[in-house]
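Make the full structure from the sequences, and use the hints.
Note that the protein sequences, when read in sequence, are chains A and B.
Residues 58 to 190, numbered by the numbering used here, are exactly what the first sequence covers, in order.
Residues 58 to 190, numbered by the numbering used here, are exactly what the second sequence covers, in order.
It is possible that some hints are incorrect.
Derived pair list, reagent style SDA-like, types lysine to any residue, alpha-carbon separation capped at 25 Å [unchecked claim]: (1) 92/B x 175/A; (2) 93/B x 99/A; (3) 82/A x 175/A; (4) 139/B x 98/A.
Think of the hints as simulated: they come from the structure by calculation, not from any bench.
2 protein chains.
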Amino acid sequence: AKSMKQTQPVPLVKDVMADFIVTIKKDQTVQDAAKKIWENSFNHLAVVSDTGELVGILTAWDISKAVAENIFDSVESVMTKKVLTCAPNEPVDLAARRLDRYGVSAMPVIDTQRKVLGIITSDNISKLLARRY
Amino acid sequence: AKSMKQTQPVPLVKDVMADFIVTIKKDQTVQDAAKKIWENSFNHLAVVSDTGELVGILTAWDISKAVAENIFDSVESVMTKKVLTCAPNEPVDLAARRLDRYGVSAMPVIDTQRKVLGIITSDNISKLLARRY
Ligand SMILES: C[S@@+](CC[C@H](N)C(=O)[O-])C[C@H]1O[C@@H](n2cnc3c(N)ncnc32)[C@H](O)[C@@H]1O
Chain A
58 AKSMKQTQPV
68 PLVKDVMADF
78 IVTIKKDQTV
88 QDAAKKIWEN
98 SFNHLAVVSD
108 TGELVGILTA
118 WDISKAVAEN
128 IFDSVESVMT
138 KKVLTCAPNE
148 PVDLAARRLD
158 RYGVSAMPVI
168 DTQRKVLGII
178 TSDNISKLLA
188 RRY
Chain B
58 AKSMKQTQPV
68 PLVKDVMADF
78 IVTIKKDQTV
88 QDAAKKIWEN
98 SFNHLAVVSD
108 TGELVGILTA
118 WDISKAVAEN
128 IFDSVESVMT
138 KKVLTCAPNE
148 PVDLAARRLD
158 RYGVSAMPVI
168 DTQRKVLGII
178 TSDNISKLLA
188 RRY
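As structure tokens, then:
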């Protein structure tokens, strides 16, 4: 499914993204979040509402911020609420440019109902480049 | 300095890497590390000896591990000691492949004396791809 041998010149986000993302609720604790990040070997958690819509993002960097400031409160207190996202049918170079411009290393991929479909990271994009030369 | 317009077909690590990396000593605390990660908006710290050689790497993910396990000891207790590194003159696609194969998002770039010259991240490599299509 993730093959680079396509007829299109530019792969789409959905061809490159991880179609799995670990989620958490905003009233869980910072330690719950740290455990999920650690156990899943993943840097990013999608914070979702009870009905599954994206409401925030929480990364290992936010956990460092909590440790630095000694604030071990709810996920809501440390998550980023204005989330940069992308759509599954966007060309991947546009996504790469947005990651670069805003200085983040990943964007959740969402549908028109803000349901989370996956995540695209600079790791995914970097892997793509490994095969291009 | 980081221009993509080169005569070489494949850029080298030194053309793409960040030539700045935040360092820490192994006897500092996990909270010191968290503060450095937070203040510098960076996910990776190079752990260096008193004479400046690389002895480990500590990432925001390692801070999450410390929070998950409730271990707030020295940097040495949470850092990774066997560090994947690369050389400044390696072609960037080889570096990208190594990141992918070992599932890490960055490698310190070191000289033959293990002095740290910078760091190459999948963010740097992803940025490169943003300009290739
Ligand atoms: C500014 S970055 C700095 C560290 C590193 N460059 C990285 O991307 O993780 C860290 C912050 O960006 C936030 N962040 C990560 N991905 C995001 C996204 N897609 N939209 C908005 N904020 C995001 C995190 O919640 C965290 O507070």
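**Item:** Hints violated by the structure (numbers, ascending)
**Value:** Of the numbered hints given earlier, the structure breaks just one, which is hint 1.
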